[in-house]
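K.L.:
One letter stands for each residue in the lines below.
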Amino acid sequence: DAKTTQPPSMDCAEGRAANLPCNHSTISGNEYVYWYRQIHSQGPQYIIHGLKNNETNEMASLIITEDRKSSTLILPHATLRDTAVYYCIVRRPNTGTASKLTFGTGTRLQVTL
Amino acid sequence: DTEVTQTPKHLVMGMTNKKSLKCEQHMGHRAMYWYKQKAKKPPELMFVYSYEKLSINESVPSRFSPECPNSSLLNLHLHALQPEDSALYLCASSQSTSGGYEQFFGPGTRLTVL
Chain Z
1 DAKTTQPPSM
11 DCAEGRAANL
21 PCNHSTISGN
31 EYVYWYRQIH
41 SQGPQYIIHG
51 LKNNETNEMA
61 SLIITEDRKS
71 STLILPHATL
81 RDTAVYYCIV
91 RRPNTGTASK
101 LTFGTGTRLQ
111 VTL
Chain W
1001 DTEVTQTPKH
1011 LVMGMTNKKS
1021 LKCEQHMGHR
1031 AMYWYKQKAK
1041 KPPELMFVYS
1051 YEKLSINESV
1061 PSRFSPECPN
1071 SSLLNLHLHA
1081 LQPEDSALYL
1091 CASSQSTSGG
1101 YEQFFGPGTR
1111 LTVL
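Read top to bottom, the protein sequences are chains Z and W.
My numbering numbers the first residue of the first sequence as 1 and each following residue consecutively.
My numbering numbers the first residue of the second sequence as 1001 and each following residue consecutively.
Read the hints as simulated data drawn from the structure, not as lab findings.
Here the structure is a predicted model, which means the values were calculated and not measured.
Treat the hints with care, as some may be off.
Unchecked claim - Listed next, the in silico DSS-like pairs over lysine-lysine satisfying Cα-Cα at most 30 Å (straight line):
1) W:Lys1009 to Z:Lys100
2) W:Lys1040 to Z:Lys3
3) W:Lys1009 to W:Lys1041
4) W:Lys1040 to Z:Lys100
Could you put the whole structure together from the sequences, leaning on the hints where they help?
P.N.:
Given below as structure tokens:
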């Protein structure tokens, strides 16, 4: 699976948009970009994933660059409950063996008043 | 029901004990996973089950023994653990092991080995 690079930490004011970048310059054409987050002492929570097109759901938006070498997770109106470690993961599709989810070090997002 | 449950929430065991962690899901998922997470580190994959068969073992020591008795249940049997095995053990499930499906995680079992 392609390696990802994320900033170790970011701050965001409550109510503002949080934009979390992820670099995945070695991504292959058929690999997905996944985002998970982990609130302290809880299990990771799925946020969103995409292949080529931008995606939006009730939690966030995922913007993938045209060359697919980087992406940005956008939380449109961050709240204190969004304080967590956010993981960007590149994951290959099933090619006969199970597709693994390999977590990197993630970005620790701190939302403040 | 979109929940993965894990029991117990906390477990303290000695190095000579035998204990088991339990994971359950009722989403009809056919893939289940065990992860280990040390403090301030990301989760690391241990085992993957697909259709109740072991699909991936990430070179985990034999003192950890997984079992998938049916499609809804996943156990992790622990024997002769070491203090360095103390960690948060996370279970997850997904519709299949294909890369297009998200994994749903349980809250974890926090294990302390004395």
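K.L.:
Determine for every hint whether it applies to the structure shown.
P.N.:
Verification of the hints:
1. A hinted pair counts as satisfied when its Cα atoms are at most 30 Å apart, and W:Lys1009 with Z:Lys100 qualifies at roughly 25 Å.
2. A threshold of 30 Å between alpha carbons decides the hint, and for W:Lys1040 with Z:Lys3 the separation of about 19 Å falls inside it, so the pair holds.
3. This hinted pair checks out: W:Lys1009 and W:Lys1041 have alpha carbons roughly 19 Å apart, not beyond 30 Å.
4. Proposed proximity of W:Lys1040 and Z:Lys100 is supported: the alpha carbons are some 21 Å apart, at most 30 Å.
Of the hints listed earlier, there is not a single one the structure fails to meet.
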